[in-house]
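*Asks:* The primary structure of each chain is shown beneath.
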Amino acid sequence: MAIIERPSAPATVPAIPSASLGALKRPVTTQHGWRSWLFTVDHKKLGIMYGATALFFFVVGGLEAVLIRLQLALPDGRVLNADLYNQMFTMHATTMVFLFVMPMVSAFANYFIPLQVGARDVAFPRINAFGFWAFLFGGIFLNLAWFLGGAADGGWFMYAPNSGPVFSPSHGVDFWALGLQITGIASLTGAVNLIVTVLNMRAPGMSLMKMPVFTWMATVVQFLLLFAMPVITVALFLLMFQRNFGATFFDVAAGADPLLWQHLFWIFGHPEVYILILPSFGIISEVLPVFSRKPLFGYPFVVFSGAAIGFVGWGVWAHHMFASGLGPVSVAVFSVATMAIAVPTGVKVVNWTMTLWGGKLQFTVAMKFAIALIVLFTVGGLSGVTHAVAPSDTQQTDTYYIVAHFHYVLFGGAIFGIFSGMYYWWPKMFGKLLSERIGNWNFWLMAIGMNLTFGPMHILGLQGQPRRMYIWTEARAGEGFFNLAFWNLVASIGSIILAVGVLFFFINVLVTARRGAQAPLDPWDARSLEWMTSNPPKEHNFDSIPTVGHLDEFFHRKYAEDHQSGEIRKVQGAEEILAEMERNKDAHIHMPSPSYWPIVLALGLPVIAFGLIYSIPVAIVGGLIVVLGCFGWAIEPSTARDEDVDPPAAPSTEVVRHG
Amino acid sequence: MAELVQEHGAQHGSTGISNIKLGMWLFLGSECLLFGGLISTYMLYRGRVGEGPTPMQVFDIPFTSVSSFVLLMSSLTMVLAVSAAAKADDRSTVLWLTVTALLGATFVGGQVYEFTAFYNEGLGFSTSLFASSFYVLTGFHGVHVTVGIIMLFALVAMVRRNRIPGSKSETVEMIGLYWHFVDIVWIVIFTLIYLIPV
Amino acid sequence: MTEQHAHEEHGMSNAGYVRIALILAAITALEVSTYYVDFGPLFMPALMVMMVVKFTMVVSYFMHLKFDKRVFSVMFYAGLFLAIFVYAAALSTFKFFIA
Amino acid sequence: MTSARPRPTAVNRLGSMRRRVLPALALVALAGCASNAPQDTWDPAGPNAQMIDDLQRPVFAVAGIVGLIVAAAVGWAIFRFRDRGQAIPKQTHGKPVLEITLTIIPALILAVIGVFTVRTVFDLSKTDDTEMVINVTGQQWWWEYDYPVQEEFGITQPIITSGQLVIPVGTKVMLRQTSRDVIHSYWIPRLNGKRDAVPGRVHLNRIEADEPGIYAGQCTEFCGLSHANMRMEAVALSKEDFAAWVAQQLAPYESPADGLAKEGEAVFLNQCVRCHQVNGLERADGSPAIAAPDENVVSGAAPNLSKLMSRNTFAGAMFDLLTPACRRDVWEASPADFGSKYLAGVSEDCLNQTDLRGWLRNAPEMKPMYANPALLAGTGGKYRGMPYLALTESDIEKLVAYLVTLK
Ligand code: HEA
Ligand code: HEA
Ligand code: CUA
Ligand SMILES: [Cu+2]
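Residue numbers (the numbering used here), protein chains in the order written: chain A, 1 to 659; chain B, 1 to 198; chain C, 1 to 99; chain D, 1 to 407.
Since the hints were made in silico from the structure, they are not lab data.
Every value quoted in this text rests on a predicted model; they were computed, and no experiment measured them.
Hints are not guaranteed to be accurate.
Which residues of chain A face chain B? A few of them, derived with a C-beta cut under 10 angstroms, are [to be verified]:
id : residue
1  : Trp-156
2  : Phe-157
3  : Ser-170
4  : Ala-256
5  : Leu-264
6  : Phe-304
7  : Phe-610
8  : Gly-611
9  : Ile-613
10 : Tyr-614
11 : Ser-615
12 : Ile-616
To spell it out: a stretch of chain B is covered by chain A in this simulated footprint if at least three of its residues, at any positions, have a beta carbon under 8 angstroms from a beta carbon of chain A; those stretches are [as the list claims (entries may be wrong)]:
id : segment
13 : 35 to 44
14 : 122 to 136
All C-beta atoms in this analysis are idealised placements derived from N, C-alpha and C, irrespective of residue type, glycine included.
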């Protein structure tokens, strides 16, 4: 990628006068209106856009899941035919993983990493905007296949050669491969951006070991993305060259080995599952201490175990291939390596439990989701360990027992963490508290629904029901009342309860938006930096950049320990702290100006992708858009001129915008 | 509070490390996995020639040696350009950048010639697994070089248009990093793909 | 490479760069010579060593990693070694190194 | 887990344990014994599956105990430390000793599990004492079995069959698996774990059954439209019965003398033989009828129908060849008379006419086989699966009469 942030000239002397370049001037900075979203480079706005888009895709993926469950509720289901069913589970997984959890993580990371490290924005704001648009266009592109002859139908790991042109003749797989390629670019740029932000832009005094755990975990995730995305990129390129340009990478007749795809996919795929879970680990490591009113137990252990998971996660991918015929030596090695990963994960579970221990627990909805995560994730993690035992995995793999495992870790882990984060941070992002009453319905229905849906899948799988079956027959369901037919039905009913539970979240959002109470400055009596500013934060995040002396800096400013009695006393509230920061506010805060080019550049990508599928000239047009975008990007002035700013940047705001 | 003004864009962060440089190195680290994957694919498939020609039949080692040498030397000119830019010597910067770009173009031209020659010898893109993986690997590398050339020319234009060498020197250095990376990938490709016989 | 005079904050003099380039050229010539001369069993290891030497020289001197902040080396070599590790492991399951 | 807090009383602890443990145990018990699913992974019927079972039972127990401990600890913390207006707790940052202990314990547990796992992996991959070899080939969407010549079992000529794998009991059988199109996976849960059948590779998979009977299985690698319908069964016969089965398979073809069946043979020669082989079948001019499925089907094969009626199921074991009553009679037979019942094959009154006729009438409607015939261009005119042949009802009548003679 040839995108390079242009070094900014001294803010007072724009390198190129903007007025002379007409369209090339930076767009006027509007506080409101659609333009303020379309051209924004503000990490907070982008975070919200990531989140909203991700939640939309959650509903899409969830409805796909509900259709799957309806089809499987009864034997010989007739809701979907085989073809549609195969598209459904492929797109369900793709949507949930790539279009919901990953961007949802980007949403939180974008919004909160700069706040948690005490920065005013990310390192490369325009690249950040580009990442969002690339993700959005990639996601739309992926789903367009539904309307253009059928979506991808090879399962989310798209094993070769079943993904080849003969076996999957629709364009679904093409859309899938190229769509993921586009969202992959978004992930990669996001990773570079956030790592640089974390390493380079922390507030004075914030050493790495004083960073909030969410920032830590999100950073580990960015490293995983940084190194995992290129691997899937290679795989997807090979697939594309095979499908659209006559190469034979997975064509056995030409001598190819289908296991190559499996390796490439899972070298990416296993780190990917930690990409999905670690941010949620981070979130609940913030939530549990706040509502236990006590610091995270063993902070360094949580941090290092997170890093260790990220590290060891690279050495276990072949546990998805225990039945693929690797040979006993490889199987044994990967089996043992996989078990090793349970150790650092166990450290986390222990630390969370010990954080609760001896605390003063307040069961807000955020806290409930966090506590439920501990237990539900452990269930999923333990079934993971039973897969790690390779010989038993040959009984389990590709059965519903696996489906149970990954939904427990994904839904009970990643998604519960995300919901915990949403309840916790909602007042920060929108200035209003989500209703706890509706939130309780949300939580309990989701918790019950989730166990009813995925709990029985353990039984289904161990009793021999394979996954990815569009239909099941009573002949293999066993006898008695509690046979597989019964459990399938329970799972399907559970998924409806689950959907209703999720629906309550959206109701909550609507109700809150209409008539939610204004949130106090520090509603949870929180501990970390992102709370040391207004709700929602101002455009420049902090009036004055705090100097950090402690882990849990905010808490330490509010509370003091009486050394004699060991008693903890509140010495000042958030209001006082903020007032003081405002008094000492920084002069001349430079904020990046909005820009047209990220969205233009991103728009070129799906055009290229369309062209690769349908006609090369279109791809060339797309390429030209990209080149144009790069040029515009490179030569656009570094700062919007004062006259361009709407409302005119009054000197009193002391906010100057630049690149 | 003066240092806080410098929080953004390509400036140096609180650690005194350049954002953009850090970003570039991260990107290059990531590229290792991209080229690693392509190289591994090639290594796995290089012997699978089907009906088509084998590597040893098509490779023209003397020719590729020369073009490898050209690319290697372009690294030298690139580093000279970076060093000139750091000294705010615009004339030399432009000179060395241009030479680098031309050397790169020579390399790409050589690759185009090589591909044509291979094609004429019966090695089409989809002739065999060896062919596909060879073309994809070297093609990806060639695209990287081409992008580098475009960036070099853009850089030349930038340096010539507004002579603010001080602030441009980092940009020159960044493109230099990218360029050298493309070169070291070729160092690996040259040995693993061309010199080691199948 | 001991006689390099450190130049400015980091890096080296132009003469130093030229010297590095000459060494690189010499190694390349040696590499290519393996195509003409039979080095027997030394052939593979020698090629590998020469490749690694060239690689590290470019990275350390031309890309300044040797003189620059350590964090850059960490980021880059993390990617490099990770790549070597995972791909070597993957290839080994194909009996690649035996055949 | 210890802490500075006063220890909970034993009564309290028991109470909370009971609340959580008992329902959990009840659920497990329920799941374990209520059903008698044919693909149960906890019901080994041969030494390979047994080895896995011996390994997984303790592992599940350990996992269960760890899960209960975590749940109990969290549950107790929720109960004991809820906000009851107590003061803000001491801001303790952790206890390294405790942490390290609680890191080492799981590591040790896993190390032990690891040792047994590795041992079992190598035990299961043993092949040197193999007694019998069968080549198993997966394709969309059925399994073909090819018994190479093995004199010691009376197999003097290769036997090719599909759907049901017939093996002698107490014999170490090695399946040499591959595939003709995409990846499939061979899995008879009660005999062994699964092993993928990958095109271009041969994977070894050992099975052995202790007792005569039918063991159900299912293709477990997603392989396209009818993956769900790609089933299979392993049929274990006593050694004598197996010999009888071999003899039956090797018996020469008998052309029907006359009547409907004879007419059916003609239709078969006309319509079916381009894909389906019937060993010994001759054309009207006396030349042997050789099928050429590779010219008609993407996967390059269609089931060999020589002894169709010696099996109980067809079309990737998706449909029964037996009527439900007759099927039950065979499946539920005691190990002692199972063999003779199975060897009897499909008689005219036991034949499941509905499904077989349906199949001949329009196979793709009975079993999804390609998404969109218009898109089949990419396959060079070859079908994926069995096509719709537009047979007349009278042809079907004749064909059924003919097929029922094939045993
Ligand atoms: C969020 C995502 C996530 C997470 C965190 C995990 C975590 C783990 N996973 Fe999972 N996994 C998936 C998502 C995830 N997985 C997905 C999506 C698939 C299927 C992909 C597909 O096929 O479509 C999959 C599949 C999968 C397989 C392949 C199964 C198969 O297809 O045959 C295996 C095999 O080893 C496995 C193992 C593990 C292990 C050992 C862990 C460990 O990290 C778990 C560690 C946690 C604990 C163990 C609990 C807490 C620990 C303690 C309380 C300490 C004490 C514990 C002991 C002493 C045991 N997973
Ligand atoms: C993060 C990942 C994630 C998440 C969250 C989920 C969530 C769910 N999954 Fe998913 N699933 C996967 C990842 C995920 N899954 C993966 C990777 C696979 C493997 C695919 C493969 O084999 O290739 C899989 C496969 C899979 C299968 C197996 C299919 C098969 O093998 O044949 C099933 C079957 O039951 C299933 C069910 C569900 C259900 C019921 C949910 C539920 O939790 C969904 C609940 C959510 C909703 C229901 C939201 C709906 C909201 C509303 C209805 C409100 C409407 C409101 C408005 C319109 C405002 N999933
Ligand atoms: Cu064959 Cu699934
Ligand atoms: Cu995994």
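*Asks:* A separate judgement is required for each hint: does it hold in the structure or not?
*Replies:* Status of the hints after comparison with the structure:
1. Trp-156: This interface hint is violated because 20 angstroms lies over the 10 angstroms limit.
2. Phe-157: Given a least distance of 16 angstroms, the restraint on A/Phe-157 is violated.
3. Ser-170: violated (22 angstroms)
4. Ala-256: A/Ala-256 check passes; min Cβ-Cβ to chain B is 6 angstroms, inside 10 angstroms.
5. Leu-264: A/Leu-264 check passes; min Cβ-Cβ to chain B is 6 angstroms, inside 10 angstroms.
6. Phe-304: violated (21 angstroms)
7. Phe-610: violated (20 angstroms)
8. Gly-611: violated (16 angstroms)
9. Ile-613: Result: violated, 18 angstroms to nearest chain B Cβ.
10. Tyr-614: For A/Tyr-614, the interface hint is violated, since the closest Cβ of chain B sits about 20 angstroms away, which is over 10 angstroms.
11. Ser-615: At about 19 angstroms, which exceeds the 10 angstroms cut-off, the nearest Cβ of chain B leaves the hint on A/Ser-615 violated.
12. Ile-616: Violated, about 14 angstroms.
13. 35 to 44: holds (count 4)
14. 122 to 136: holds (count 7)
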